[in-house]
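Student: Residue numbers (my numbering), protein chains in the order written: chain A, 1 to 304; chain B, 1 to 314; chain C, 1 to 565.
Everything labelled a hint here was simulated from the structure, so no lab data went into it.
Heads up, some of the hints might be wrong.
Taking lysine-lysine pairs in the DSS-like style, the calculated list, with each CA pair at most 25 Å apart, reads [what the hints assert, rightly or not]:
no. : chain 1 : residue 1 : chain 2 : residue 2
1   : C       : 163       : B       : 228
2   : C       : 353       : C       : 420
3   : C       : 438       : B       : 228
4   : C       : 163       : B       : 224
5   : A       : 138       : B       : 228
6   : B       : 224       : C       : 205
7   : A       : 138       : C       : 205
8   : C       : 205       : C       : 261
9   : C       : 205       : C       : 461
It should be emphasised that the depicted structure is a prediction, and the values quoted were computed from it without experimental measurement.
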Amino acid sequence: MTGLNSTVRTEGPALQDLSSTLRRSDHALLHSALLRWRALRRVSAGLVLSWLVIATVILWAIFPAWFTSYSGTVGVARQQLRAPSAEHWLGTDALGRDLLARLIYGAGNSLSGALVAVAVGLVVGTALGLVAGSARGKVDSVIMRGVDVLLSIPQLLLSLSIVILLGFGTVNAAIAVGITSIASFARLARSEVVRVRASDYVEAAFGSGGTFSRVLLRHVLPNSLTSVVGLAALQFGAAILAISTLGFLGYGAPPPTPEWGLLIAEGRNYIARAWWLTTAPGVVLILVVLAANRISLSFGKIRL
Amino acid sequence: MSKYMIGRIGQAAVVLWAAFTVSFVLLQALPGDAILIKFLNPELGLGPEQIADIRASYAADSPILTQYLHAVANFLSGNFGYSVQAGVPVSDVLIANLPPTVWLATLGFLLAVIVAVTLSVVSVLGPFSWLRSAMRSVPSLFVSTPVFWLGILLIQIFSFQLKLIPVINPGPWQALVLPVLTLAIPISAPLAQILMRNIDDVLTEPFIAVARAKGASRSWVLWKHVAKNAVLPTLTIAGILFGELLAGAVVTEAVFGLNGIGGVTQRAVGNQDIAVLQALVVFSAAAFVVINLVVDLLYPVFDPRLRHKGGALA
Amino acid sequence: MSSTTNHIPSLEAARIPVLEVGNLCVSYKGHGGIQKVVHNIAFDVHPGEVVAIVGESGSGKTTTAQAVIGLLAENGSVDSGFVKLNGTDISGWSQRQLDTIRGGKISLIPQDPVSSLNPVKTIGDQVGEILRIHRWGNQREIDARVLELLARVGLSQPELRAKQYPHELSGGMRQRVLIAIAVALQPALIIADEPTSALDVTVQKRILDLIDELRRENGTAVLLVTHDLGVAADRANRLIVMKDGRVQEQGPTEEILASPKSEYTRQLLADAPSLRGAQRLSRGGGVRHEEQGDAIVVENLIQDFSVRGGTQETFRAVDGVSFKVRRGSTHAIVGESGSGKTTTARSVVGFQKPTSGRIVVEGVDVTTLRGDALRQFRQTIQLVYQNPFGSLDPLQTVFQIIEEPLLNFERIPREERAQKVRRILERVGLPEAVLERKPRALSGGQRQRVAIARALILNPKVIILDEAVSALDVTVQAQILRLLDELQQALDLTYLFISHDLAVVRQIADTVSVLHNGRQVDVGTVEEVFRRPKSDYTRELIKAIPGQRGSAGSDISLSLLGASS
Chain A
1 MTGLNSTVRT EGPALQDLSS TLRRSDHALL HSALLRWRAL RRVSAGLVLS WLVIATVILW
61 AIFPAWFTSY SGTVGVARQQ LRAPSAEHWL GTDALGRDLL ARLIYGAGNS LSGALVAVAV
121 GLVVGTALGL VAGSARGKVD SVIMRGVDVL LSIPQLLLSL SIVILLGFGT VNAAIAVGIT
181 SIASFARLAR SEVVRVRASD YVEAAFGSGG TFSRVLLRHV LPNSLTSVVG LAALQFGAAI
241 LAISTLGFLG YGAPPPTPEW GLLIAEGRNY IARAWWLTTA PGVVLILVVL AANRISLSFG
301 KIRL
Chain B
1 MSKYMIGRIG QAAVVLWAAF TVSFVLLQAL PGDAILIKFL NPELGLGPEQ IADIRASYAA
61 DSPILTQYLH AVANFLSGNF GYSVQAGVPV SDVLIANLPP TVWLATLGFL LAVIVAVTLS
121 VVSVLGPFSW LRSAMRSVPS LFVSTPVFWL GILLIQIFSF QLKLIPVINP GPWQALVLPV
181 LTLAIPISAP LAQILMRNID DVLTEPFIAV ARAKGASRSW VLWKHVAKNA VLPTLTIAGI
241 LFGELLAGAV VTEAVFGLNG IGGVTQRAVG NQDIAVLQAL VVFSAAAFVV INLVVDLLYP
301 VFDPRLRHKG GALA
Chain C
1 MSSTTNHIPS LEAARIPVLE VGNLCVSYKG HGGIQKVVHN IAFDVHPGEV VAIVGESGSG
61 KTTTAQAVIG LLAENGSVDS GFVKLNGTDI SGWSQRQLDT IRGGKISLIP QDPVSSLNPV
121 KTIGDQVGEI LRIHRWGNQR EIDARVLELL ARVGLSQPEL RAKQYPHELS GGMRQRVLIA
181 IAVALQPALI IADEPTSALD VTVQKRILDL IDELRRENGT AVLLVTHDLG VAADRANRLI
241 VMKDGRVQEQ GPTEEILASP KSEYTRQLLA DAPSLRGAQR LSRGGGVRHE EQGDAIVVEN
301 LIQDFSVRGG TQETFRAVDG VSFKVRRGST HAIVGESGSG KTTTARSVVG FQKPTSGRIV
361 VEGVDVTTLR GDALRQFRQT IQLVYQNPFG SLDPLQTVFQ IIEEPLLNFE RIPREERAQK
421 VRRILERVGL PEAVLERKPR ALSGGQRQRV AIARALILNP KVIILDEAVS ALDVTVQAQI
481 LRLLDELQQA LDLTYLFISH DLAVVRQIAD TVSVLHNGRQ VDVGTVEEVF RRPKSDYTRE
541 LIKAIPGQRG SAGSDISLSL LGASS
């Protein structure tokens, strides 16, 4: 979708090889460098908070027992649908299971699912984009038409189709979500490769005797990957959302697995009596996604 | 018609064909005769003639390539197969369920545009800097909010806490308020993000400084110079937005238990109703391709720079 | 509109300055704190006068101009001081109040004509806008006035131009449109912020002439902001020299040029190539290279490019260029944008295959090279780019950048490599401390030194300098030129110097080719070409070099060459 965007933009500066045009761009560059430096210096509170949220959730996923003494799957008798209290911080569900414990044990599912999804998109998409951007010509157009096809099918429908093919379940849902993100990774990686390849320093590297593969490894890859990493962080948040959506619709982890989307789906039956059952998992989801998005911003401007 | 337009339309056709093929490979080809076995289920109440008809329409006894060609021919002639679950032609299922979803999506989209434009305008022209920066952070909150959860939250607040909208037997308009809101908010987020970013970009252009130096006020500059330049690139995400709108409708309908394409999709996935799902995939891909095609072809109308050299769009 | 600014008796008007700035301090608020960029500036501009603010990047000249017209960036603020327009202090005015005088009393001619017009509005619409904003007459009157203005600034077919969009006009034409906007309401003061820096030198002259003419016609005062001392010397009655946000010196142009008081101004005058006259850096012409043979021979070079989108249509970027460069000498290729000078340079380096013609560098026919032979050839010839911000990989350290070419050829031990890098770093005058830094942490001049070090490390015989000093400030430019000259003598290098700036060429080159629309219109020694240009185009180019007002001689080419010849 940046295709049009960029053609419009490039119309701007004409082909003037004169000093001031340059001086202007120098200013712009200097300015952005300055901004980045300042951004680093102040390492905003928001970013610190975001990392804290992500770190907490990662710890939940790895060491759930550190954070709760309740079980994530087995309920306590006569403790059904308790409102949040000192004993159960976020209350309990219809089977007497502690909601906080289920959230904590669910982190593993949601995070590993998102990780798998991002890995699929990142590896396949970036590889496709890199090949398309470095090979150009026919290979490029074949790959990018394929990416267009992926883009043309709405993400939810595409992931549902893949889930049908693979069967329901956490991993399958994650792979399905990952496949839907291949297109964005491929597009970004390709445009980055094309941008970097057009830069003077890449030409200078060829000009000082670099071979194609060396220049690719030494300059094109590292410089293209920065924003791809940023996109990965952004997709991490998006994948958590998409997986929880599949979970909510009932195509992800089967009950009684404490998956976040599934928690909300289960809580839906008790909206009138137990507001906490839907509210709390939603807030946790939003916090994690917000944090991932904020972190992705710190990798520099990503333009989708 | 220019060479560029022909090329662009051809490209759209290729993408559409490829989308069809992908969905065919994903869905039709793999389970093989298994789908057909389902039609034999007596509960569907299909007579032997109908079953023979279905078998013929799928060319079930032929090799995969013939099946594929058959499927293409069927699709082109408007025959999308039979729904396993409903036992009627897929086209009937879609036509019956389309109107409520179109309503929901249209209203949701309009509200999303209103929300996005309001957020963007206030983020530029807002009287206080705290208000402007608050507006700027709203879209990132919206974009992080799961649609299904938002729907439930709204029901909780408006139906159970405030009791503004009855849960049982709401009026036809009352019934639409919460779903439209649920759909609009997440759709407005990317729209607002892109609008704000474009506005920011345009505001740093030197021609804005020139306009200010002419004595133009901030709002004059926003409406007469920024608006068109910022909205134009936003058109390019129209296709993606359509996909999000459809996905949002599916989830919203699931949350609110509404009839529509969303319900059809959910049932199709639940029952492995392959023909329905494939029709949905191909139709939404077609809509995406057509939307992008229209945007690309219309773009030069709005942007004078692209008028004389159509090739630049590719 | 403010009534105070309107009714000033004409006699008094001569004494009250149009613009009076006193004790002006401007700062920007960043996340790292508050940064003062303009300190206690004071100056005035009288009716009909041209005052030039001259300074290098970061001098605060543009900020000062922005503060005057009330258009500082959002994070900028005027901390103290006053800005009086016709005697009224406008520094405390709200944007709403300022809107009433902007365009009407003060107007702006911006730097970059290409991006200073709204791409989706017609020219007529954008010229008419300033009239509409200030409610000048009805639509028919406005339309008529627009055509009148477009004709006045020298645009042919004003009716057609009014209906066209900016991208359909050339850079020079667009700047004329912007001038038409600036003079539309006959303001008392025009701020011209680097009005011609983005334009070719011949266009620059015509645009500056136009501004002069309109200024005289309307009695408008002009505040000219420029980095080009030559332009300022030619056009201004008075100069204000700024550095690091402070005024170094101000006074009548002749006085400052003749006897600069501040150290910085003296430096600036010494370094400005256009004001140096014909002083060739260090040594005289290329006499001692006569017996050395040719390092570069280009014969009848033709380069076609296929036009994008079109099928068989081609565009001839270079059309029959031939020249020879003696070993150890400097040959310059001069031309304006689109002249084919950069294309020629890229063909010589072997980045593209010429359509026809012969290029021989150090005995090797470049046009036949491909694959590994071409790669090996890189050890003979190196290119230094125009923009030192784009030609260095932002992720590498200076050490990695300079070392990299060594890794591409026969491997030498790590220790030896590090030693070579250090030696070359010293050669280009950089301290060892920069080795571990990233390009981002270096200034423009330092980056260009790094780029030169990278070019030198393979011990090439020929170096192509593609506008290598054009992006640099005057004083830095002078340092780099001196460095290049030293290196040439020490290492017996041959330079091919691509530039749009005749003044610089005169200073560094032995021989020169002048290119115009892909054709070579003049070639020979610098002295020959400057003294007896064969083509009208070269004559025009020489005449357009700014900074000639000071040199009173009628024979321009003579005065350019100075007394040495």
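Student: Mind checking the alpha carbons of residue 138 of chain A and residue 205 of chain C for me, to see if they're no more than 25 Å apart?
Tutor: violated (48 Å)
Student: Hint check: residue 163 of chain C vs residue 228 of chain B, CA-CA at most 25 Å. Holds or violated?
Tutor: With Cα atoms ~18 Å apart, residue 163 of chain C and residue 228 of chain B stay inside 25 Å; holds.
Student: Holds or violated: residue 138 of chain A with residue 228 of chain B, Cα cutoff 25 Å?
Tutor: violated (36 Å)
Student: For a C-alpha distance cap of 25 Å, please report whether residue 205 of chain C and residue 261 of chain C respect it.
Tutor: violated (29 Å)
Student: Would the hint linking residue 353 of chain C and residue 420 of chain C be met if the CA-CA limit is 25 Å?
Tutor: violated (33 Å)
Student: With a cut-off of 25 Å on the C-alpha distance, tell me whether residue 438 of chain C and residue 228 of chain B pass.
Tutor: violated (40 Å)
Student: So if I understand the rule, the pair passes when the alpha-carbon distance is 25 Å or less; does residue 205 of chain C with residue 461 of chain C pass?
Tutor: Cα-Cα ~38 Å, so violated.
Student: Can the restraint linking residue 163 of chain C and residue 224 of chain B be considered satisfied, given a maximum Cα separation of 25 Å?
Tutor: holds (18 Å)
Student: Verify the proposed pairing of residue 224 of chain B with residue 205 of chain C, using a straight-line Cα cut of 25 Å.
Tutor: Not OK: residue 224 of chain B and residue 205 of chain C at ~33 Å, beyond 25 Å, violated.
Hint compliance for this structure: hints 2, 3, 5, 6, 7, 8 and 9 are broken, all remaining hints hold.
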